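> Chain residues, written in single-letter form:
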Amino acid sequence: MGDVFVLAEHRQGELRDITLEMLTKASGIAEELGGETVAVLIGSGVDSFAEKIAGYSDKVLYVDDPLFSDYNSEKYQKVLAELIKQQNPELFMIGHTTQGVDLAPALAVELNMPFVTDVIDVEFVDGKPQPVRQYYQGKVNANFAFKGEPPYLITFREATVEAAEEPFKEGAVEKVESPLKEDIEYRRFVEYLEAEVGDVDITQSEVLIAVGRGVREEKNMALIEELAEAVKGDVCGSRAATDAGWIPADRQVGTSGKTVSPKLYIAVGISGAFQHLAGIKGANTIVAINRDPDAPIFTVADFAIIDDLFKVLPKMTEKLKELQG
Amino acid sequence: MKIFVCVKRVPDTSEAEVKVDSSGKDVDSSRFSFDINDADNYAVEEAVLIKEAKGGTVQVVCMGPADSDVMIRMALAKGGDSAMRIEDPRINDTDPLKVAKVLASAIKKQEYDLVLTGCMTNDDGSTAVGVALAEELGVPHAAMVKKLEVEDGKIKAHRELEGGLLEVVEITLPAVVTIQTGINEPRYAPIRGIRAAQKKELKVLKLEDIGLAEDEVGPESSLIELQKFYIPEVESTAEVIEGDPEEKAEIMATKLVKGGLL
Ligand SMILES: Cc1cc2nc3c(=O)[nH]c(=O)nc-3n(C[C@H](O)[C@H](O)[C@H](O)COP(=O)(O)OP(=O)(O)OC[C@H]3O[C@@H](n4cnc5c(N)ncnc54)[C@H](O)[C@@H]3O)c2cc1C
Ligand SMILES: Nc1ncnc2c1ncn2[C@@H]1O[C@H](COP(=O)(O)O)[C@@H](O)[C@H]1O
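Which chain is which? The protein sequence lines are A and B, in order. Oh and the first sequence: position 190 is 190 in my numbering, straight run, nothing missing. For my numbering, count along the second sequence from 1 and bump the result up by 1000.
It cannot be assumed that every hint is accurate.
Computed Cβ-Cβ distance ranges for the label pairs, DEER-style [said to hold, decoys possible]:
{"#": "1", "chain 1": "A", "residue 1": "13", "chain 2": "B", "residue 2": "1066", "range": "17 to 23 Å"}
{"#": "2", "chain 1": "A", "residue 1": "311", "chain 2": "B", "residue 2": "1024", "range": "33 to 39 Å"}
{"#": "3", "chain 1": "A", "residue 1": "66", "chain 2": "B", "residue 2": "1066", "range": "50 to 56 Å"}
{"#": "4", "chain 1": "A", "residue 1": "182", "chain 2": "B", "residue 2": "1111", "range": "41 to 47 Å"}
{"#": "5", "chain 1": "A", "residue 1": "177", "chain 2": "B", "residue 2": "1111", "range": "37 to 43 Å"}
{"#": "6", "chain 1": "B", "residue 1": "1111", "chain 2": "A", "residue 2": "311", "range": "52 to 58 Å"}
{"#": "7", "chain 1": "B", "residue 1": "1165", "chain 2": "A", "residue 2": "166", "range": "26 to 32 Å"}
{"#": "8", "chain 1": "A", "residue 1": "216", "chain 2": "B", "residue 2": "1066", "range": "29 to 35 Å"}
{"#": "9", "chain 1": "A", "residue 1": "310", "chain 2": "B", "residue 2": "1151", "range": "46 to 52 Å"}
{"#": "10", "chain 1": "A", "residue 1": "232", "chain 2": "B", "residue 2": "1111", "range": "56 to 62 Å"}
Taking lysine-lysine pairs in the DSS-like style, the calculated list, with each CA pair at most 27 Å apart, reads [claimed, not checked]:
{"#": "11", "chain 1": "A", "residue 1": "232", "chain 2": "B", "residue 2": "1002"}
{"#": "12", "chain 1": "B", "residue 1": "1002", "chain 2": "B", "residue 2": "1108"}
{"#": "13", "chain 1": "A", "residue 1": "128", "chain 2": "B", "residue 2": "1255"}
{"#": "14", "chain 1": "A", "residue 1": "321", "chain 2": "A", "residue 2": "232"}
{"#": "15", "chain 1": "A", "residue 1": "147", "chain 2": "A", "residue 2": "169"}
{"#": "16", "chain 1": "B", "residue 1": "1255", "chain 2": "A", "residue 2": "315"}
{"#": "17", "chain 1": "A", "residue 1": "181", "chain 2": "B", "residue 2": "1154"}
{"#": "18", "chain 1": "A", "residue 1": "78", "chain 2": "B", "residue 2": "1228"}
If you're looking for bench data, these hints aren't it; they were derived computationally from the structure. Bear in mind the structure is a predicted one, so any value in this text is a computation, not a measurement. Beta carbons: idealized from backbone N, C-alpha and C, even for Gly.
Please build the complete structure, drawing on both the sequences and the hints.
Here you go:
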């Protein structure tokens, strides 16, 4: 009891950042609970990952089987359900990633586990873990208590903690037999399709003007283009801007888009959902223009213009042109 | 194809000040404007597109208050055939697994090939109800789907992963698919459709009508309990530019040029 389990995530031969982030976080939680951290790894030919994460956990349990050459939530669920029943962890952590959200809710239902998603922190009350999550796109926090007996299940948000830079443990690596003996028919992996490549690679841009839903209509993009021209920048945007068709899909910034690292990032009418913020961690200077003073984008901004973008932008472009001759 | 699509009415809080109410476990929503959840709007469109291509029916399912009826009628106007709305104060709607159980109970007594949900709600953001619903129904699922190809007895779902990578999976029907925004271009409801929608069936159901009891989906049955809501402390280190809009514009432009930020 008191053990904190973490599902290691990997894809296309690479360990995903969320894995070490969670193991770093889990180490602190396990200390509070008086238990150990256990990394669970499922895959095919993943010895090197097992070795790597042993440096970040007290123990690694891993299933290495050709049936797991590609991720399949239904197959993962079968392995994890067995493992959780056998090992009885106190807390089980899965990334709140496209992989985790495809898996964890079904696992929670199958095992009837107390379950909280998109957790950003874990607090302790009377020695019991209380997950913290957000509502209304980051405007409200909520604390939850687990009722009933462990194991408890959470999905943990990406990029909320920094992974330890150096290995800090020497975990024992233990291979476990896969409880799944045959392939399943009802869900089959077909292929990966890489994201389209467009004319401009925004990951290389020095100056980016990013647009969001606040721009309201396609015709208002003219204002943005003018600003971009004045600062010799490229135009990119939020998912809302991509969905609306104002910018091409390959110019979307955030978890399901690109991670950018410009010298200057000007966010116009973007609220700053965590999926967006994850993509601009590497930006040097962030200017945010938004008329909502509570918009989460201001938590990462260096300069805040709390105002109507339509009143600010024309003048700003004009002044920029004037100053630069 | 018999298709069900799950829709929720949510507040638009993108520009609203959000305040915790006196219970400490909810927010004061009296001044919010509400509409269909973003992703659900795309799910409705996808359901109607499949019906138009393959024939069949689209049934709209919603758990929520009577205020949701306007949104439900809009979905019917776009091509939905009928609707069920489940409303019962005994349901613990802060637990996504209970919401999933309620939706599953409403759906499972009927025939279905495909159930579509949004991938995430803008208010709760659990990103859990669709996949939990699949498990409750005992059918396969695919989450975060950005393209859907319907074949005979199965579908090819293009799941959108981090970085825009797509993972194509094939799942057998019946199945649950959670729809990601941007999968299609949601239509506006045609005037003719809006009139027709008023005559379509919209059943309002209580727990008993869907074969559930309070001890299955009420607060006592839940394995999690909301302790408190609070406004997070904002740790902003941003320099706030002051003045009227034109002054702000000039100050910022000057900082960019003179400060060597370009
Ligand atoms: C799995 C998943 C992956 C996702 N991946 C991404 C991703 O990669 N990138 C991404 O961006 N999002 C992503 N999202 C979506 C994300 O959750 C948000 O919905 C999205 O970022 C919101 O875009 P937005 O800020 O443009 O719009 P909104 O949140 O609607 O914000 C619009 C903002 O404009 C402001 N505004 C409105 N009018 C004006 C005006 N006149 N002047 C000034 N300000 C104004 C408002 O105050 C508001 O803050 C993802 C979601 C999911 C579920
Ligand atoms: N009260 C509800 N009524 C109908 N569908 C819902 C409800 N709550 C959630 N859903 C569906 O489940 C999806 C995911 O919701 P969530 O897990 O809360 O992020 C939504 O996009 C809806 O399609």
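> Would you mind marking each hint as holding or not holding in the structure?
Evaluated hints:
no., hint, result
1, 13/A / 1066/B: 17 to 23 Å, "violated (52 Å)"
2, 311/A / 1024/B: 33 to 39 Å, "holds (38 Å)"
3, 66/A / 1066/B: 50 to 56 Å, "holds (54 Å)"
4, 182/A / 1111/B: 41 to 47 Å, "violated (29 Å)"
5, 177/A / 1111/B: 37 to 43 Å, "holds (40 Å)"
6, 1111/B / 311/A: 52 to 58 Å, "holds (55 Å)"
7, 1165/B / 166/A: 26 to 32 Å, "holds (29 Å)"
8, 216/A / 1066/B: 29 to 35 Å, "holds (31 Å)"
9, 310/A / 1151/B: 46 to 52 Å, "holds (47 Å)"
10, 232/A / 1111/B: 56 to 62 Å, "holds (59 Å)"
11, 232/A / 1002/B, "violated (52 Å)"
12, 1002/B / 1108/B, "holds (12 Å)"
13, 128/A / 1255/B, "violated (50 Å)"
14, 321/A / 232/A, "holds (11 Å)"
15, 147/A / 169/A, "violated (32 Å)"
16, 1255/B / 315/A, "holds (14 Å)"
17, 181/A / 1154/B, "holds (24 Å)"
18, 78/A / 1228/B, "violated (35 Å)"
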